[in-house]
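Chains as they are written, first to last, in the working numbering: chain Y, 1 to 351; chain S, 1 to 351; chain E, 1 to 603; chain U, 1 to 603.
Calculated from the structure, these hints are not laboratory results. Treat the hints with care, as some may be off.
Computed footprint of chain E on chain S, listed as stretches where at least three residues anywhere in the stretch have a Cβ under 8 Å from a Cβ of chain E [stated by the list, open to error]:
#1 81–89
#2 298–311
#3 326–339
Away from chain E, derived, C-beta distances all over 10 Å, residues of chain Y [to be verified]:
#4 Ile66
#5 Tyr105
#6 Lys147
#7 Asp155
#8 Asp192
#9 Pro240
#10 Glu261
#11 Glu302
#12 Asp311
#13 Pro332
None of the values given here were measured: they were computed from a predicted structure. We put the beta carbon where it would ideally sit given N, CA and C, even for glycine.
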Amino acid sequence: MSYMRKPEVVHPGLPRNALGLTVRDYEGGMSTLCAGCGHDSVSAALITAFFELGIPPHKVAKLSGIGCSSKTPAYFLKTAHGFNSVHGRMPAVASGASAANRDLYYVGVSGDGDSLSIGLGGFAHAVRRNLDMLYVIENNGVYGLTKGQFSASADVGSRAKKGEVNQQLPIDPLLMTLSLGATFVARGFSGDKTQLVPLLKAGIVHKGFALIDVLSPCVTFNDHEDSTKSYAHTRQFYHPTVHADFVPPSASITASYDAGEVRPVVLHDGSRILLRKASEEYDPTDRCKAFDYVVKHQERGEVVTGLLYIDEDTPDFHTVANTVDEPLASIPYEELNPGDALLARIQRRYR
Amino acid sequence: MSYMRKPEVVHPGLPRNALGLTVRDYEGGMSTLCAGCGHDSVSAALITAFFELGIPPHKVAKLSGIGCSSKTPAYFLKTAHGFNSVHGRMPAVASGASAANRDLYYVGVSGDGDSLSIGLGGFAHAVRRNLDMLYVIENNGVYGLTKGQFSASADVGSRAKKGEVNQQLPIDPLLMTLSLGATFVARGFSGDKTQLVPLLKAGIVHKGFALIDVLSPCVTFNDHEDSTKSYAHTRQFYHPTVHADFVPPSASITASYDAGEVRPVVLHDGSRILLRKASEEYDPTDRCKAFDYVVKHQERGEVVTGLLYIDEDTPDFHTVANTVDEPLASIPYEELNPGDALLARIQRRYR
Amino acid sequence: MKTPARTNDFVIKIATVNGTGSASANSLLMKAIFRMGVPVVGKNFFPSNIQGLPTWYEIRVTRDRYKARSGQVNLMVAMNAETYATDLAEVESGGYFLYDSTWPRNSQLARDDVTVIGIPFSQMCNESFADPRARILMKNIGYLGALVALLDIDVEVIHGLLAEIFADKKNLVEANLQAIDLGHRYAREHFDCPLPMRIEPMSATDDHIMIDGNTAAALGCLYSGATVASWYPITPSTSLMDAFKSFCATYRRKEASGRNRYCIIQSEDELAAIGMVLGASWNGARAFTATSGPGLSLMSEFLGFGYYAEIPAVVFDVQRVGPSTGMPTRTQQADVLSAVYASHGDTKHVVLFPADPEECFYFAVRAFDLADRLQTPVIVLSDLDIGMNDWMCPVLKWDDAYRPDRGKVLTSEQLGERPTFSRYLDEDGDGIAYRTYPGQDSRGAYFVRGSGHNRHGLYTEDAAEYREVLDRLLRKLETARQLVPVPIIEREAKINNAIVAFGSSDGAVRESIDRLAERGVPLNYMRVRAFPFDDAVREFLAAHETVFVVEQNRDAQLKALLVSEAEASAERLVSILHYDGLPIDCRCIVDAISARLERGIAA
Amino acid sequence: MKTPARTNDFVIKIATVNGTGSASANSLLMKAIFRMGVPVVGKNFFPSNIQGLPTWYEIRVTRDRYKARSGQVNLMVAMNAETYATDLAEVESGGYFLYDSTWPRNSQLARDDVTVIGIPFSQMCNESFADPRARILMKNIGYLGALVALLDIDVEVIHGLLAEIFADKKNLVEANLQAIDLGHRYAREHFDCPLPMRIEPMSATDDHIMIDGNTAAALGCLYSGATVASWYPITPSTSLMDAFKSFCATYRRKEASGRNRYCIIQSEDELAAIGMVLGASWNGARAFTATSGPGLSLMSEFLGFGYYAEIPAVVFDVQRVGPSTGMPTRTQQADVLSAVYASHGDTKHVVLFPADPEECFYFAVRAFDLADRLQTPVIVLSDLDIGMNDWMCPVLKWDDAYRPDRGKVLTSEQLGERPTFSRYLDEDGDGIAYRTYPGQDSRGAYFVRGSGHNRHGLYTEDAAEYREVLDRLLRKLETARQLVPVPIIEREAKINNAIVAFGSSDGAVRESIDRLAERGVPLNYMRVRAFPFDDAVREFLAAHETVFVVEQNRDAQLKALLVSEAEASAERLVSILHYDGLPIDCRCIVDAISARLERGIAA
Ligand SMILES: Cc1ncc(C[n+]2csc(CCOP(=O)(O)OP(=O)(O)O)c2C)c(N)n1
Ligand SMILES: Cc1ncc(C[n+]2csc(CCOP(=O)(O)OP(=O)(O)O)c2C)c(N)n1
Ligand code: SF4
Ligand code: SF4
Ligand SMILES: [Mg+2]
Ligand SMILES: [Mg+2]
């Protein structure tokens, strides 16, 4: 974003967050997506989440690959730096960026094509690295930008706009990341902002890799009858399992919950997630149970949503890398230069 | 392999298989791997498996990527065609080869580096395609050929020869392929041929993608103390779960088993696998249970082996592709040429 | 203001918003003119998104059968208020500006030298159609109706086309006719019809079709006997595979069983796509992939493998604007160097440069024959302009006597007759060794590898053995030189200067040669059609004083190849470069050459 | 048979089996000679496996300070019976063949003109050492002992070296001394020691070190202030990252906390490695990767992105033998074209060509400065010969006044002072725009993209806006031309012919110039050190009648660039190509030039 000094006109009545900013300060450029595209709702939810968390926009780095979904970082937080990389390679860019500056909030936006086809390997390795970032897959079962081919998340039996019926097994990002030891595994729906916004907030604050698979229908190529990723089908078979309320560090819990119904999880910065479970026996800290739960519902054609698994203990990328607290990019050269004298000393071993 | 007409001297007493061939006919070139390398034992097991199954060597296509493991197709079945591709891309080559000729037996040999790092995406998609092939990962926790860096299967806490201790989560090919809907998921150990050979046979005959993760120690870079992929460590923590006896179609079952102990699975060609389970409640046709079982034992530091999951029902790649029975590569041009007259007809729509 | 009579020689440009269904109206318009026997050139300028952004369609009516854009617009059909200003500015003096007068026009939108025609399309459609989607769609048919009247298009032809298009949906014919009528009637009632700029029937399109290069290439693949294809979707190559898929579904299904005699794999990425092609080709099938720039970059490791392990493969690179993701819906010819030199190490590929859809068809077949004969990847460099625009081409012909050249493949029988088989031995001195297919005979077994190997296909690190294979590959490239399509040369002995070009620049170059000839500047012409360069290319370059090399890229990539690979002397080559993403027209060529020659004369 | 006295001027070649520990004995031998003040050249020829295959180490003792192989072997230490025959054949007439006489030698292994020296190393070691592993290892030290006697090497120097190497393992010193003594004694007792071919102390190695290029490059990265590195292991680049890692572990750990001031990521593949480097550089760190040919191919999509989105990156390509997987443990210079043109579209990269480890160090630093200044990827093309062999180099110097050139980066303060910020605007006319780091200031925010963008960094599909950026990138390349290392030129006005070379061919070329001068063939010399080519390159090429271009590749890749990118006239450039995987020596150059000039005179 180039900038010009132009005072923006802000409605005086707009609510302000802890930083004194309004939601306007978190908006982005004008979307060029199709009217009704799920992805625009996800952008809106991200705007709300960052606004409500009160994170300064310039402390956020937005990253993406290629696809309609990957265009969206242009449509939120226009005053944050962004990196629209090449197809499927955003996880690598995010890893390098994080290595250089651990002080920023990283939010990656990708598509099911970008992450589950060309980018699958890189995605899996970012999970393995437990890179501290929010990773959103805007999942519509198709390659929107290239006009509606099935993606790897297309369900068996789903029909394409042109008539073809998919027969290949879908890759479920939840199951895959659970198998890889992910530390935050969630699913949302672009059509349910009430569920999505707290999920996003929790993912942003989670120290480690937070995957949120967001069902985000493609109105142009995958919103017809017999598509299992349409708005209608998602609404019908959508199964909220664990609702996550996000409570910032300073706030006290105001809503009243029935005892036993709510399970709090404390995040590294003192925020809490209050998990409200649809089913009594569900345990969002047991990855085998989460796996089983997703598979069993999938077999019934149901799409479970919510924060399905969380683990705040596995060390994140920088902890394992044992890097200093200071961003590497900010260390002055004077502290990095080993000096002339040392160079002479080092070279003794080469005599 | 170039050939010269040179009658090979065969020991007259050597046993012959149904085709009248001896095990010599299934051997390969001289290995250039380190003495004691696990991979050589896997080659030996493959020789036995193909010999015992009585498959004509020229009906086998051997494929691999790059690495010490990927060199091994040169060391078995020298009279079969082989394809040593580039690093991590064997699954793609296998997919194309299979598309062209569904009549061959495909055996892919890869390493943990080749399949779980650079080749992860392609590997996952071959699983998803349920490509009809045997896929062996010779897993040693390191990149052998590039001198011992940790691979993505290195366990947390395992120490490298140079002293570094791995702290990154391992990618377990079993868990990952289970999450992707694989139809045959097994683990063996290069040091246990009794278990490995029947697994390989079952994998060869299985119609669909048969993954066998074979623990195959690298004597040069990962066989020291504090390595979790050494011979000693593997022997100690190795946990056979489901033993698979392979019974060819014509044979009758001769060994006697206690009732309830054995569960037969019939393969598409009439062969049977007799599964003998270590634990009563284990069910090798339930992928969630298999997932749970592997994870739980892993948490205890145990490495489960055997045929952990099998599904003979999911259609394989060619079934989904609805291709003719005849290999595509063998269809004469005359049957493929739509002809001049039709070309004229087709072009009417472009007027 | 005088409007010159421009019968059958003018350009219509239609400005709309994408996703509103204007594409079918535009192609209907173009086809109608074509069916009236009048040559046309159609270019679609569309954005890299799915819905809601400006898009244009340009139709050149060209009685002189030119193949390129003229560089002018004579009639603008402005259906997108957002772009009114720039659209109006683009009209040539004496031209027309047709717009939707439902809403009042900004008073600034006026030019003395352009006739503005307002027709209330939206209003008429809103009054006539109830369904909101139909209202949007029919607006397009409405302007078509107006144009029928204004340009004197044969209504019967339009009716015929509609009947064909909606053969299955008769009820739609009705609605369309109604919309046509709305526009038609309004135009006749309010304006002098036809305009001086009009269509008059000719018979210059007999034995021709209107087809895009991707479809033609797909037909070529079908006729070449390709059975395996693998690709990862990328604009502008996607429609090639779409077309192949649909041809196969119709013409390659075994009737008795309904089973497929082909296998098309949508792979997980381009690295896998080319890997699959190599696997299938190794196994004896004809296999191909289609991609564009970023995909070609990703394929480069495997392309080097194919070169060195000597496995056939056919790759269509339908070029778009680079570098990087660039402009996916714009055209360029900037992958020349990356195609020829794809991969590290001493790797050089055979590359074909089709100029139009017709050549896409024939070169597709040729590419498979070359790949099999030479046992190497062959890259067909098309581009978005050729691949996605409909071009007028002579009807495609097929000779049923054609049999694929599968190259030097030993059968089991032949293997039995020979004492030895060495996969990489140059038995015939042409640099091409004999291969075998897997699954046939153990005596033909060998282990393909991208690592160092000797003439027998065995692993080697021996300096001399390694070199032997590498030197043979150079001999093979010499053989390739003699097999690839020769350049098209138009030459008169007494002319000293010339133009060299390739691919989709052909039309603009030919037109500029006519224009320059009119100005007394005669030029010879050579269109290069393949790499490695034939001797005729060398000879032509050496024989001319100044050679203008016309390319649609910034870095003069063909010129770089001509000097380094055809030993052309750089001083005599003058680059004319066009690389803004729009298909080249003759004006930039004429201007550059005129300027240069004038300077030359002045100097 | 006469053996010429060759004091300090001969070649020892040691043939062993890999995995048997001969490497340390060989480097001990070389270091001892070096410490005696005598210049040496060491080359390791090892197989692409881990254990059990033939391997050779060549040490040239060169009082005249040549830097290349001589192309001869005067003393063969043949410890591998499997290669006896070829090893013997390789010895120059008048030379020596030292072998393990424990087992009887095949009678055919004899040459009239070579002195065979048999010493029963295995037998002696078996008698002296109990541990089987020690028996194998000590055999190597045994032949070292024999060479000490035969070549008159200073035993004290050897003792000193052993004491340093085994500073922590004193007990090993003992065993080694014993083995040295075995060989030494046997040689003195059975043969006339020293041979006429011997070492005499000099003082020609003061202020020099023996270092490999990968280690030197890693030191350069350390001193340049690089903090982030990402790579995927590949021979022969792996040791670069290994060295960087070990330097960082020692010199970049914060003492107080034990925490790292660096982050090295072993990525999942090369595509990710370069992606991480771009991510880190975008975020303000100095970041780099190291790879070899196949990795470069895989990086090509991202390299084009870096070029177009204008993000710094430093890539070391330590070249090995291509095409494809090729011979990973052999050397070549065949990635020139793929490096310069990496990626589809109009992409051209800045490439540096270091000639030896010393230049690897300085060019590493230079590469980071150039990448930051030019905001673009810079590729440093080293090769296996430079990267993995120990070269004698002047001691490396560092100026503590050095400060990294981070290029045009706007701080928050500077942003505050300006009315606007446009990421891709050419404010200074040098083609370089201003950038900002993320995390600093919202006013510097922009969205990096590889898709079409305008001067403001905003998405565009507009022809003129697109072109503006592409044209500026060309201007930036012009600026690069003025910033990259200038060629090294050795030139006398009256000499008409010249050699042009780059990288590791330097030593062989310099030696051949001496040889040819002796024969009365004077030649000028230019070593090209970077792309894009400086004007001095153009001028030099234009000023000579015949220019021999020496390259270690098959396809004359530098020559191709010189004619296409420096407008050199192809007719005057004559290629001398060496590409069998072994480091070039002067003989092929001398022979080719002699032959050519004789032909020239005859013609
Ligand atoms: C290397 C490469 N290959 C192919 C493409 C073409 N391409 C652009 S977006 C896309 C798929 C996007 O699908 P997805 O990630 O699901 O995003 P969506 O558009 O559905 O939101 C493809 C294949 C490309 N840009 N780069
Ligand atoms: C593109 C590419 N990158 C890197 C390499 C170098 N390389 C060769 S083998 C290998 C790793 C092999 O590890 P694995 O697959 O586990 O096989 P192993 O040697 O352990 O059996 C690597 C990184 C290569 N050949 N190609
Ligand atoms: S094509 Fe689909 S995914 Fe893309 S913008 Fe339109 S609705 Fe969204
Ligand atoms: S290095 Fe390891 S994996 Fe490679 S051959 Fe030796 S033991 Fe086997
Ligand atoms: Mg999608
Ligand atoms: Mg391994």
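Hint by hint, here is what the structure shows:
1. 81–89: Held - the segment 81–89 of chain S has 7 residues with a Cβ nearer than 8 Å to chain E, which meets the minimum of three.
2. 298–311: violated (count 0)
3. 326–339: Per the Cβ count (11), the hint holds.
4. Ile66: Answer for Y/Ile66: violated, closest chain E Cβ roughly 6 Å.
5. Tyr105: The claim stands: Y/Tyr105 keeps its Cβ more than 10 Å from every Cβ of chain E (closest is about 26 Å).
6. Lys147: Given that some Cβ of chain E is not farther than 10 Å from that of Y/Lys147, nearest at about 7 Å, it is violated.
7. Asp155: With a cut-off of 10 Å, Y/Asp155 remains clear of chain E, as the shortest Cβ separation is near 16 Å.
8. Asp192: holds (24 Å)
9. Pro240: Non-interface label stands for Y/Pro240: nearest chain E Cβ at 30 Å, farther than 10 Å.
10. Glu261: holds (42 Å)
11. Glu302: holds (27 Å)
12. Asp311: Its Cβ never comes within 10 Å of chain E, the nearest being 29 Å, so this holds.
13. Pro332: About 33 Å separates Y/Pro332 from the closest Cβ of chain E, which puts it past 10 Å; holds.
Figure legend: structure checked against the earlier numbered hints; hints not met, in rising order: 2, 4, 6.
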